[in-house]
Amino acid sequence: MIDIVLIDDDVVSSFVTEKFLQKHIKQPFRVFKFSNATDALKEIYSIKPNYLFVDLLMPQMTGWDFIENLDPTALQSKIYILSGSVDERDIERVDESGKVVGFLPKQHVQKSIQEIFSC
195 MIDIVLIDDD VVSSFVTEKF LQKHIKQPFR VFKFSNATDA LKEIYSIKPN YLFVDLLMPQ
255 MTGWDFIENL DPTALQSKIY ILSGSVDERD IERVDESGKV VGFLPKQHVQ KSIQEIFSC
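Numbering (the numbering used here), first residue to last: 195 to 313.
It is possible that part of the hints are untrue.
In silico DSS-like cross-links for lysine-lysine, where the CA-CA straight-line distance does not exceed 25 Å [claimed, not checked]: (1) Lys-300 / Lys-227; (2) Lys-227 / Lys-272; (3) Lys-236 / Lys-217.
Listed next, with one range per pair, are the computed distances between beta-carbon atoms [unchecked claim]: (4) Lys-293 / Gln-254: 16 to 24 Å; (5) Asp-281 / Lys-220: 27 to 35 Å; (6) Asp-281 / Gln-254: 14 to 22 Å; (7) Tyr-239 / Val-295: 15 to 23 Å; (8) Met-195 / Glu-309: 19 to 27 Å; (9) Met-195 / Val-280: 30 to 38 Å; (10) Val-206 / Pro-266: 28 to 36 Å; (11) Gln-254 / Asp-284: 17 to 25 Å.
These are calculated hints, taken from the structure and not from any lab test. Glycine residues also receive a C-beta, built at the ideal position from the N, C-alpha and C atoms.
Based on the provided sequences and hints, a complete structural model is requested.
So, in structure tokens, the structure goes:
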């Protein structure tokens with residue numbers, strides 16, 4: 195069973211991303227959706243997801259704040275930034291972070307998810 199955590203305050207974006215996951219993942223999986231990073235951080239260690247998809251711009255706690263608060267020794271998750279931001283600094287920060295596997299632009303989420311789960 196593949197466990198996926200999706201953290202996004204945009205309900206429509208979250209819905210669309212989940213539909214693309216359903217379309218492209220061929221094995222059993224569960225999606226745990228959170229509309230804010232604060233709630234996700236409280237639950238993440240009990241879920242122990244295989245994949246984390248995190249929006250950057252959210253109220254209360256940003257996606258970057260969430261990632262910085264994660265204990266990498268407690269999780270073996272592949273972390274992807276899922277964002278509508280096209281700010282070069284965010285893309286560079288993904289490369290520099292060491293915790294994040296990739297940056298997925300929301301406008302290309304279907305293609306990105308297809309590539310991640312094409313095995």
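Checked hints:
The hinted pair formed by Lys-300 and Lys-227 meets the criterion: a straight-line CA distance of about 16 Å does not exceed 25 Å. Of the supplied pair hints, the one linking Lys-227 and Lys-272 holds, its CA atoms being roughly 16 Å apart against a limit of 25 Å. Proximity of Lys-236 to Lys-217 is assessed by CA-CA distance (about 29 Å); at most 25 Å being required, the pair is judged violated. Lys-293 and Gln-254 have their C-beta atoms about 20 Å apart, which keeps the hinted 16 to 24 Å range intact.
As the Cβ distance of Asp-281 to Lys-220 is approximately 34 Å, the hint placing it in 27 to 35 Å holds. The beta-carbon spacing between Asp-281 and Gln-254, approximately 20 Å, falls within the hinted interval of 14 to 22 Å. Remark: the range hint 15 to 23 Å for Tyr-239 to Val-295 is upheld by a beta-carbon distance near 19 Å. About 22 Å separates the C-beta atoms of Met-195 and Glu-309, a value consistent with the hinted range of 19 to 27 Å.
At roughly 34 Å, the beta carbons of Met-195 and Val-280 sit within the given window of 30 to 38 Å. Evaluation of the 28 to 36 Å hint for Val-206 and Pro-266 yields a pass: the beta carbon distance comes to about 31 Å. Separation of Gln-254 from Asp-284 is about 19 Å and conforms to the stated range, judged on CB atoms against 17 to 25 Å.
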